[in-house]
Amino acid sequence: MAEVVLENICKTYGNNFHAIDQLNLSVEDGEFLILVGPSGCGKSTALRMIAGLEDVTSGNLRIGGIDVVDMPPKDRDIAMVFQSYALYPHMTVFENIGFSMRLAGKPKAERKKRVDEIAKTLQLTSLLDSKPANLSGGQRQRVAMGRAMVREPAAFLMDEPLSNLDAKLRVQMRAEITSLQKQLGVTTIYVTHDQTEAMTMGDRVAVLKGGVLQQVDTPKRLYESPVNAFVAGFIGSPSMNLFEATLTGDELMSGALAIRLQDAAFVRRPGLRSYAGRKVVFGIRPEDLYDSSLESGRKYQTIPAKVTSIEELGSEHIVHLNIDAVRVDSGDPDAVQDFGLASNAVAKFEPVSTVRSGSEIRLALDDAKLHFFDPETHLAI
Amino acid sequence: MTRQKRSHHKLKRAVAPYLYLSPSLLIIGLLMLLPMVTVIAYSFQNSAVLRRDPSFAGLKHYQAIFDDPVFWASLWHTLYFTCMSVIFHMTIGMVFALMLNSDRINPTLRNILRVLYILPWLFTAVIIAVIWRLLLEPNGVVNSILMQIGVIGSKVEWFSSPETALHAVTFANIWAGYPLFMVSLLAGLQGIPKDFYEAADIDGAKAYQKLIFITIPQLMPIIISISLLDFIWTMQVFPLIWITTGGGPIYSTEVLSTYTYKLAFSSYNLSQASASAVVILLISLGLTLFYIRYQKAR
Chain A
1 MAEVVLENIC KTYGNNFHAI DQLNLSVEDG EFLILVGPSG CGKSTALRMI AGLEDVTSGN
61 LRIGGIDVVD MPPKDRDIAM VFQSYALYPH MTVFENIGFS MRLAGKPKAE RKKRVDEIAK
121 TLQLTSLLDS KPANLSGGQR QRVAMGRAMV REPAAFLMDE PLSNLDAKLR VQMRAEITSL
181 QKQLGVTTIY VTHDQTEAMT MGDRVAVLKG GVLQQVDTPK RLYESPVNAF VAGFIGSPSM
241 NLFEATLTGD ELMSGALAIR LQDAAFVRRP GLRSYAGRKV VFGIRPEDLY DSSLESGRKY
301 QTIPAKVTSI EELGSEHIVH LNIDAVRVDS GDPDAVQDFG LASNAVAKFE PVSTVRSGSE
361 IRLALDDAKL HFFDPETHLA I
Chain B
1 MTRQKRSHHK LKRAVAPYLY LSPSLLIIGL LMLLPMVTVI AYSFQNSAVL RRDPSFAGLK
61 HYQAIFDDPV FWASLWHTLY FTCMSVIFHM TIGMVFALML NSDRINPTLR NILRVLYILP
121 WLFTAVIIAV IWRLLLEPNG VVNSILMQIG VIGSKVEWFS SPETALHAVT FANIWAGYPL
181 FMVSLLAGLQ GIPKDFYEAA DIDGAKAYQK LIFITIPQLM PIIISISLLD FIWTMQVFPL
241 IWITTGGGPI YSTEVLSTYT YKLAFSSYNL SQASASAVVI LLISLGLTLF YIRYQKAR
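Note that the protein sequences, when read in sequence, are chains A and B. The numbers in this note's numbering rise by one with no breaks, and the one at position 227 of the first sequence is 227. The numbers in this note's numbering rise by one with no breaks, and the one at position 217 of the second sequence is 217.
If you are wondering where the hints come from, they were derived from the structure by calculation, not from laboratory data. Don't take each hint at face value.
As a list, the in silico SDA-like pairs of lysine to any residue whose alpha-carbon atoms are at most 20 Å apart [to be verified]:
#1 B:K194 x A:K113
#2 A:K108 x B:I212
#3 A:K131 x B:Y197
#4 A:K113 x A:T92
#5 B:K210 x A:K113
#6 B:K206 x A:P72
#7 A:K106 x B:I212
#8 B:K210 x A:F94
#9 B:K210 x A:S84
#10 B:K206 x A:D70
#11 B:K206 x A:N322
#12 A:K131 x B:I192
#13 A:K74 x B:E198
Sequences and hints are given; from them, build the entire structure.
Structural data, given as structure tokens:
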């Protein structure tokens, strides 16, 4: 077990493309850190640099206090789980798990003992003689985990290991990997583009965009206090609604829309006052928007909205809306999918809501949950 | 639907596949089965083709070729020629494919090598035979170079000496045939996921271990398929040997195909030639069945 430290890590490709720019990250011993970001943000590149599968252009990289920048992968004392699992199809589960021990010339008895132990932990004992082709997706995933565990490495590196599984199995494997990591206590760096995985699995989450680290924090703090509009939009599903408005006195004004801000909003964000009379970006999560007909007791202020479509999920309704405000792009390419062509906002309503597609409604919002960002820099105010 | 209509429909459905197959079955029957059956029939006749009413000879012609030491020499030469060719085709093809697939070689150089390595494939057997006859002439380039670097002391008559002729034709055939392996293995190599090698790198595999534990097992289906096909094809090689040595000197490069050809068109012993052809057919058939069984097993 070991601490993994990245200092000013840069990766530039031959065509002068900066895949990673000045990445500073410290993963504590035994910590489960998630690297998350949209496609092409450099998260897999960062992981591959830690593994030694990509050269580091500049910067320092230490695993367990040892500088590993010029070390080949095998000497870094890490194990990696690949997105494709990289199981050898011509080898049995036993041979796959014990492959690294075989390469190291370990005697067969020792290999068998260790592989049996791991197979027991991962409930693979009955499958040791099977070939990967005869295993289900979840079993293959476990074999890949077993192959990583057999080496007792200082750190686990996982590159989107659940992306090939169906939705239900992914939820199950998410829990399995998390509990396994806690049980083994091995420092783990886990790459994913799925923010649900990021929020549910990691001790801390590092959000990357365009090769630049945006924020490293606990899932709760990322959700509650995003440092910029990108993190705000990326974390949470559906994404946070972001709009542009003018701060006039205590009110956010946009077209026919007016949202009154309470003093507490200014007390929490002293910088907000300086935006008086100027444009500001405000954000509100779909779960902080309510169907006003169900919220009369809480006295939330309401704004007019038109329902464009509804997705009824059973436990909740995802309601796509159009409100009189200009939507702001958070910079997350995946966020666009949350909005239809006709809508610019999305809300999560309780399933008892009776709103219908095409109806004009009053949307209740919890103004204490508003987030504010600078319209130029998109940094949180 | 009436009962009559239903049975008519059933019949149509049963016949349809055979109607679709009939053109190809007809062509195969006329061009392949008919000559094969005729040759088998000839092998049991006296003075086949030459006489209008040949008499039944039983196994006489088979007995004759099995008693002929030249037949056994031809069989041995065929086996040597085929085995050496397949082994070296595979080895050279594998080495060149690995080179062409390697990231360590400059991409421009790789493209040039790719063209160079595939060149032998572009030549017909006649051209290859002519090229090697010229190169291996007593006064040819090969002798001249070997003498200059001191490997040989005097000029060697590669195709004309019984000691070297079989090796020389085998060498020419190896040169002509490796590109098939190279191209097939290269395609196979490019299909091996990069992750396998990266996982092995992390696990601490050395280059030779990656070759033994990943590359070769992954290529095994291609290696076996192409080796079997190459074995079948090489066993039947005729033009290269016929043009370079004609089976000589003193039968030293006689293979089953040249032996059969000579029986048929030099000695006009068509019955015995047919018996010899049937022996070749049986060996090829055995290998083909083996190949089909292997393909089915996959």
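Hint check:
| no. | hint | in the structure |
| --- | --- | --- |
| 1 | B:K194 x A:K113 | 30 Å, violated |
| 2 | A:K108 x B:I212 | 19 Å, holds |
| 3 | A:K131 x B:Y197 | 19 Å, holds |
| 4 | A:K113 x A:T92 | 16 Å, holds |
| 5 | B:K210 x A:K113 | 25 Å, violated |
| 6 | B:K206 x A:P72 | 11 Å, holds |
| 7 | A:K106 x B:I212 | 18 Å, holds |
| 8 | B:K210 x A:F94 | 18 Å, holds |
| 9 | B:K210 x A:S84 | 18 Å, holds |
| 10 | B:K206 x A:D70 | 17 Å, holds |
| 11 | B:K206 x A:N322 | 60 Å, violated |
| 12 | A:K131 x B:I192 | 17 Å, holds |
| 13 | A:K74 x B:E198 | 10 Å, holds |
Hint violations for this structure: numbers 1, 5 and 11, all remaining hints satisfied.
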